[in-house]
Amino acid sequence: MLKLKFMKIKLGIFGLIYLLSLNFVTSKAHAQVSVGFQVFYDELSPYGSWIENPEYGYVWMPDVEAGFVPYGSNGYWVFTESGWTWVSTYPWGWAPFHYGRWYFDPIYGPMWVPGYEWGPGWVCWRRSEGYYGWAPIEPGISISVAYSNNYYAPNSRWVVVRDRDFGTTNTNNYYVNNSNNTTIIKNSTVINNIQIDKSKNVTYNSGPDKKEIEQRVGKPVAPVAIRENTKPGQQLNNNNLEIYRPRIEKESSTSKKAVPPKVTPNKDVKPDRLRTPQIQPEKVQPVQPERKQPEKVQPVQPEQKQPEKVQPVQPERKQPEKVQPVSPQRNPPDKLKPVTPREVKPPVMNPKPIEPRPVKPIKKEKTSEEEPASGDEVPK
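Residue numbers are given in our numbering: position 79 of the sequence shown equals residue 79, and the series is strictly consecutive.
These aren't lab readings, by the way, just hints derived from the structure by calculation.
A hint or two may mislead.
[What the hints assert, rightly or not] Within a straight-line C-alpha distance of at most 25 Å, the following computed DSS-like cross-link-like pairs (lysine-lysine) qualify: (1) LYS231 / LYS200; (2) LYS231 / LYS262; (3) LYS231 / LYS256; (4) LYS200 / LYS250.
Based on the provided sequences and hints, a complete structural model is requested.
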């Protein structure tokens, strides 16, 4: 009995030690998920330039093509448990579209300011008759302010799409020309689906209602599950979005200050209109040439012009007209006409050969009785 009790006590001690070790490992794993701005500085440096801004501190300018639009270029919306979530095809899309804010510099174009809260997409949502629209929220603007009557995103910053085309993976092919934004936004209303994530203490807008979208597009919307990724990046497979979304902690007074590995001086930054990407996202590269190829293939026009140049076949049509000098061939028969009377006249002009007719060599034969004597006159 004593041995049995001793064994039970021994097993209990080992079990307690095991549970404590699991708790230690788990807490350690959770601690590794929490990072600071240094992860942004390090992971985004290969894909753009960090610039020091007097108002926002270090801001990031992506190395992308001119005309880049945040929450518009190379991406689309999917419906998750957090609402409509932006899925970017850029390898760096896990950070700037889910943390922080975007603003537009009049010279350098879109710039990103890092932030601490993760969200499905930091945008303002609006709906109009037949349209949905969204625009990036500017730095320093909270959700409560962004959806109040005191905040208005510029009309040129809105991305608008017809309601029937919303939620597709190729939504960017159906964006409405922003020249129509003023009219559409003026006649729109705010989509105010505010959600609170108590586990992360984050407030965000989940976007249009799922049932409403299904009615507009005429088919069910397949939900996508969010899965935690252990390293920077994101990938969508089989309706599972694996994305890196660590908890971003603020720097303490005793911690080492986070600094980008390289800061680009303002004088070396190229304006947006002169910018050409140095590092192309692997997933995005095939998409861009496919759009540009049809434009380059349009030079097939010269081939259409060639038949027009070959139209100088017209001289060939004129040649038969010039050959019409067949008219000289008509003159010879005219000249031959006088020949016909010459052939007819000879029989009319020679009547004399008929004179031998009065010469009657054959006379009536006379009988011997009537034959006169020589020297007698023949009676008339």
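Review point. Checked against the structure, which of the hints given earlier come out wrong?
Key: none
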